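Asks: Please assemble the complex out of the two chains, which come individually in their own frames, going by the hints.
Top line first, the protein sequences correspond to chains A and B.
The first sequence: position 127 = 127 (the numbering used here), numbered continuously.
Here the numbering used here runs 1000 ahead of the position in the second sequence, where the first position is 1.
Derived by calculation from the structure, the hints in this document are not laboratory data.
Predicted, not measured: the structure shown is a model, and the values here were computed from it.
Hints may be right or wrong, so weigh each one.
With a Cα cut of at most 27 angstroms, we get these calculated DSS-like pairs of lysine-lysine [said to hold, decoys possible]: (1) A:Lys351 to B:Lys1377; (2) B:Lys1190 to A:Lys299; (3) A:Lys239 to B:Lys1179; (4) B:Lys1377 to A:Lys299; (5) A:Lys239 to B:Lys1318; (6) A:Lys351 to B:Lys1373; (7) A:Lys351 to B:Lys1201; (8) B:Lys1101 to A:Lys351; (9) B:Lys1318 to A:Lys299; (10) A:Lys299 to B:Lys1378; (11) B:Lys1166 to A:Lys351; (12) A:Lys351 to B:Lys1179; (13) A:Lys351 to B:Lys1334; (14) B:Lys1334 to A:Lys299; (15) A:Lys351 to B:Lys1340; (16) A:Lys351 to B:Lys1190; (17) B:Lys1195 to A:Lys351; (18) A:Lys351 to B:Lys1390; (19) A:Lys351 to B:Lys1177; (20) A:Lys239 to B:Lys1177; (21) A:Lys67 to B:Lys1334; (22) B:Lys1371 to A:Lys67; (23) A:Lys299 to B:Lys1195.
In silico negatives: residues of chain B with every beta carbon more than 12 angstroms from chain A [stated by the list, open to error]: (24) Ile1047; (25) Phe1089; (26) Thr1253; (27) Tyr1257; (28) Leu1283; (29) Cys1310; (30) Met1394; (31) Leu1395; (32) His1440; (33) Lys1443.
Positions of the beta carbon are idealized from the N, C-alpha and C atoms, including for glycine.
The residues making up each chain are set out below.
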Amino acid sequence: MNYRYTKISDIYFCRSTNNIMLLVILSILPGIIVEFYYFRVAILIQIFLSVFSSIIFEIIFLKLRKKILKFNSCDISSAMLTGILLGLSLPIFSPWWISIIGSFFAIVVAKQLYGGLGNNVFNPAMSGYAILLVSFPVVMTNWTFQNNLGFASVLNFKDVISIIFFTNLEDYYGTFLKFFEMSNFMTQVTPLEQIRIRNKSVVFNVDSFTSFLDSICFYRHWIIINFSFLIGGLFLLIKRIICWRIPFGILSVLFVFYSIDFFYFGSTKIFPLVQLFLGSTMIGAFYIATDPVTTSVTKLGRIILGFFIGILIWVIRSFGGYPDAISFSILLSNSIVPLIDYYTPPRIYGKVK
Amino acid sequence: MVFRGQVLALGNDDIAPIHSPTSGTISSISKNKFNFYSGKYFGVIVIKSDGRDAWGHRVFRKNYKDISINTFIKLIYDHGIIGLGGSGFLSSKKIEFSIGKVHTLLINAAESEPYVQSDDCLMQNFYKEIAEGCQIIACILKIESVVIAIEDDKKLAFIKIKNAIKSFPNFKIRKIKNKYPSGSSKQLIKTLFNKEVPLGKRSISLGILIFNVSTIFYIKRAILNSEPLIERIITLSDAQLLYQKNVLVRIGTPISYILSKFNIKNSSIILGGPITGFIIDDLNFPILKTTSSILKFKSDFVENLLELPCIRCTACSKACPMRLLPEQLYFYSKSFDHEKSKRYHINECIECGVCEQVCPSNIPLLTYFKKEKLELKKLEFQNDMSKKFKKLFMLRQRRVHASGLINENIIYSNNVIKEKRNDSIRHKVCESNSFLNSQHIMKIKLESAINRAKLKRNIK
Ligand code: SF4
Ligand code: SF4
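Extracted from the complex, chain B is given alone in its bound form (with noise of 0.2 angstroms):
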């Protein structure tokens, strides 16, 4: 029996704590494998509801003044709050980096795909509670002044968010172009303050805090009403834009369900914006934190094209707005060959998909890249690996010479190991490791364990 609200699941220090959407039972918890471009596996909960969709404990609270920068930190995390915008990024950690550091708060308000408008839908209809929320994070981590920063399109919101911050004197509205990928943090950053955010580093360091206009939102709901991230608004619409539709759904709920419910016959869906989204095979897939539409298309729309040879034609550089060499990066992904590619800076990507748009050779760049990548985290992840234990290693055998256990002959320093190259002790070091792997030596240790039970019960 879960409540609404109730942690299902405790995070780590990557992963935020994830909560029941909904009050009911818990029917099935399963390891599913759904078919996502880069294959990965998701732990699923299944929740069957009891309809009452009752809250379990909340705490409300008004004053948010005398909050510490720790407590804070700590709700935002326990309400599974991460950057709506389609990073994912723990909103905890991106405050925990920030304090002391920032002088300006930067609203996310541009979209970040085209097709998508939940962000405009949330800003019509909450612009009180956003500008409550930006004074939320401005109190908390004393900061001067806040930008909302909305693309020139929307022009509601603009002027509700313009009424709604009037009293406020530190907060300002800057309308920006409505150009992909003008969302992208970076870029925003660029277009406002014409000053770029070092290589390597994040917008921090230049002193500004960029937050989604979604966030904020439900950081605003963390905070005072104490309400978890179990729901968000997402775009639906298809190609034509014979409809769109914002709706507000609770994370979790399976894409089926949705499109059942507003009638729209099975066809192929594209899940996330129409240029970064992947589609989907499996419709029981759920909507999740960082999902921001659905999107229906013919399939006249997205062709499956044939990946024809890369000519060398530029436009993806042309294009790109990290000035990176996709063309180059493609080259040396497809081939593994990691060192290039990092020199080329891979990692630098945020994965905007405009390269891969422009290409007229049809080749999925993007793609290539994020397999790239993540085929670059495996290896630094290993790496770390090796050099933990390599540390944990050298520890024991400092332990080990200190207390005076064991003699010297086995500390591999390369002097001692060239000086006793015919020592009996290396040898058997030597074939142990060998064998290590094997299962003869799992066999030997069977045995000799064998052997020692049944001489123990001779004894006895």
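Isolated chain A (complex conformation) (with noise of 0.2 angstroms):
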């Protein structure tokens, strides 16, 4: 239907969709730069290749399902979101056709044959990238032991173009400890692999964490990584793009859980405050779980839900097997959100409780 109708912009300020899309990029871009910083060309490669991959993947099916396709619409921003998210949650090392397929599930599987963009049901990027870690789960979790931050900026671009793209999967494993012994450094598991194998028993020398600096010291790069996501999300918030609610759920479940771990139980080791800044908190809280497609549209519903993704994500770090639980909780919640919308619509104007 195409409707004349007038529109006025003196009267009313409002961004198109496009507008929104471009500035939630430029959000994203500080932590795309920390994150060069310690992961050297390697990071820029994967998000190429995803979003390479997702806009041609989106315009393809555009065509396909004979949708016009303009520059300015918000088609292509979309999808150069969603390939960016997807690029930013890859394993670096992955090789090229991991972010390929993952952009094709994310975009054509997960986006367009649910309908194009705004009736998806579940979040494209993460979807991509779930189906990716059940389908490849060794190149997927392999990335934990080998993804530190000092052997990627050991490697210089030759390397990583060659670990990237002719790496064949069956000695993935061993190229990567060539080039590991090669650059002649220890191996340093991600910080949540870490904490998951001690809550397992396994002895593991994480015993000197005990204090708040200290911690703070030894997860710097972490801390600063999700830091540079969290200033974009506050970024965000300023320009009321998206809404304190479902961050400020998932953040404040998470720290009240984990304060009871470490002030109750003592089974964890490092502050509350400093977890929260571990793995891809801070880029889930931000910018995964806000995507306004799949989330509720209430407010209360906006709350329960970022409640909902917080014991999510707790739960499955604590006692599930994978150590960053953003997709799946996230994923998992997605699926609720219908549920949540019919039960808690807002109190409109005259009704009576």
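Replies: What follows is the structure, given as structure tokens:
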């Protein structure tokens, strides 16, 4: 339907959808820059691959669905955003076809097959990520062992290219070991994996992070990365593009639960505030969970959703098999959004309680 | 030959009578379709003016105190007065509903939309008559307090009205913030009395009777001067505010005439306010009773925007003054899911159009809602009709049964049908029902009629 109607930009200020998407992409930039500082060119290659393939898939499928494709419409920018989020969550040394398959699932299966932007039930980027995690567990979980910060910065451009583009799946691990010996570095596991292993009472050298400052020092890279995403998220909050309720719900629940763990049970030895800055918590809370299409539309519903995601993250992290539970908890919570919407309608004008 | 103020078309329960705006001769009556967003038809009566502008029969009244309520209502109805705030609801009906229920008369002097200033102009010029009009209604309906709500940017009108109502102790004047849609009656009650009109009810249930100022003005004119509603003040303005005029025009004046009078070049015109108004293509469209302004705009003022998918950003539900969820309503009204759209209270939408304005995806939400509401109304009407017919049918059955004309076999109660499934009469009924719509039955009927006629002739 193409109606003609009046829209007055003098009276109301409103951004276009395309504008909103571009602002979100802009606000991710500090995070990308910080990640670039630590992971060097590998992260850029991953982001480029997934963004490029996302846009290509989007264009192809919009053509197949016979939709009008306009450059200034929001389709391309939303595909770009999905690609960036997917690329940021992939392991940095994953082979090139991983990101292409991931964006295929993200754009085509999770979005276009549901009817395009606005009709998808699940978060595209996280669907792509979750499917990759389930289908290629070797590649997707091995990264936690190899992907330490120093290692990435030592490798030069040529090595990175050869890892990403010219490794077979069979000797993926072997290739890593080769580069690994070459660069002469110690293995360092990502913090969340570390905590998980420690919780399963494998002896690990983690007794030194008892104090607040110690843990900050030890995890400073992750804290800085997460902090940059937090800044971007706050920028979006100030610009009123995302709603504070979901990040608030997630972070507060996580903080409370970690505090109980830390102060009462003593099952974790990392200060609760620091735990909020580990893994992909911030990007999950501010960028992925707040994706407007897949979240509840009511105010109360959003708080409930935030709590729900927070609880799921905590449960999966402490009892489940995955160290970083963002993708699964967000996907699970997406599926209950219609239910939340149904039961939390706002009190409309004149309705007596 | 008609005179000014003569009734041209009698009204019914929902439509007020229409009066001739001037004297002259009726040159044509036709059914015309203007390019209107909902594709409505208008009956058009064209009057050729004779230039004398002569009034028909008029009765002037001085004393309004001994008018009874019923004659008052009848007078208002006969003079074709409807709510001029935009709703177009019959004023007589409003008063009829409110008899004995109201304690406050609220005069809505807040402009319904930006750019529109016709009420402001009216108040500055006719403040005395407005005060008088308030008094008439308060006197006849025995209302204790009268509150006039004015937006805070109308300073001159505020002072004038304040002076005019000085001598009345039960009159009050209140300033409200100039913020769209504060002129909507529900929002007005919320801001003034901090009460909310209960769901599905009118403000009368709170004991408040709301009238637009211009309605008050024309009520006064109708009662005392016996002048029907044949003219109103409308605002003529353009989007850049290069010129703004308030003009008193007769209802039914073609827009093209007004434009040519003020040397306005042919351009795109919005009838009504910029937010809820509609673009007209046919400049012969007349001024209606509910038209409050003519807005001329440059082509870039109204963008012919591409409708993008809704990203559920909730900008619209944040902005909605009724706290509805426009994005849900949008999905349901787009897919014609009437059950759901009713569940999300589409009928509570006051059609303010704020949601449409803030939507980043340029979705014409209000247009969808209007369509859906129309659809719902149609459905309701059909339901009513079928219920009515069912009732009539049952009545008929009872009558037939009581008189014993037809035996019991045809009565359609479930038990009977079950028992006598193979009954031949039932079969016949079924057959005739299935053919009822086809032309076949018409043919049979025709043939039988011809046969009967032939028989008659033969007998003669
Ligand atoms: S403002 Fe527009 S895009 Fe946003 S939720 Fe409402 S209808 Fe959807
Ligand atoms: S037009 Fe939109 S903003 Fe206004 S009441 Fe209806 S749904 Fe709410």
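Asks: All hints are to be evaluated individually against the structure, with a verdict given for each.
Replies: Do the hints match the structure? See the list:
no.	hint	verdict
1	A:Lys351 to B:Lys1377	holds, 22 angstroms
2	B:Lys1190 to A:Lys299	holds, 22 angstroms
3	A:Lys239 to B:Lys1179	holds, 22 angstroms
4	B:Lys1377 to A:Lys299	violated, 31 angstroms
5	A:Lys239 to B:Lys1318	holds, 15 angstroms
6	A:Lys351 to B:Lys1373	holds, 20 angstroms
7	A:Lys351 to B:Lys1201	holds, 10 angstroms
8	B:Lys1101 to A:Lys351	holds, 21 angstroms
9	B:Lys1318 to A:Lys299	holds, 9 angstroms
10	A:Lys299 to B:Lys1378	violated, 34 angstroms
11	B:Lys1166 to A:Lys351	violated, 38 angstroms
12	A:Lys351 to B:Lys1179	holds, 23 angstroms
13	A:Lys351 to B:Lys1334	holds, 25 angstroms
14	B:Lys1334 to A:Lys299	holds, 24 angstroms
15	A:Lys351 to B:Lys1340	holds, 18 angstroms
16	A:Lys351 to B:Lys1190	holds, 13 angstroms
17	B:Lys1195 to A:Lys351	holds, 11 angstroms
18	A:Lys351 to B:Lys1390	violated, 34 angstroms
19	A:Lys351 to B:Lys1177	holds, 24 angstroms
20	A:Lys239 to B:Lys1177	holds, 26 angstroms
21	A:Lys67 to B:Lys1334	holds, 18 angstroms
22	B:Lys1371 to A:Lys67	holds, 24 angstroms
23	A:Lys299 to B:Lys1195	holds, 23 angstroms
24	Ile1047	holds, 31 angstroms
25	Phe1089	holds, 18 angstroms
26	Thr1253	holds, 23 angstroms
27	Tyr1257	holds, 24 angstroms
28	Leu1283	holds, 16 angstroms
29	Cys1310	violated, 5 angstroms
30	Met1394	holds, 36 angstroms
31	Leu1395	holds, 38 angstroms
32	His1440	holds, 39 angstroms
33	Lys1443	holds, 42 angstroms
Checked against the numbered hints given earlier, the structure breaks hints 4, 10, 11, 18 and 29 and satisfies all the rest.
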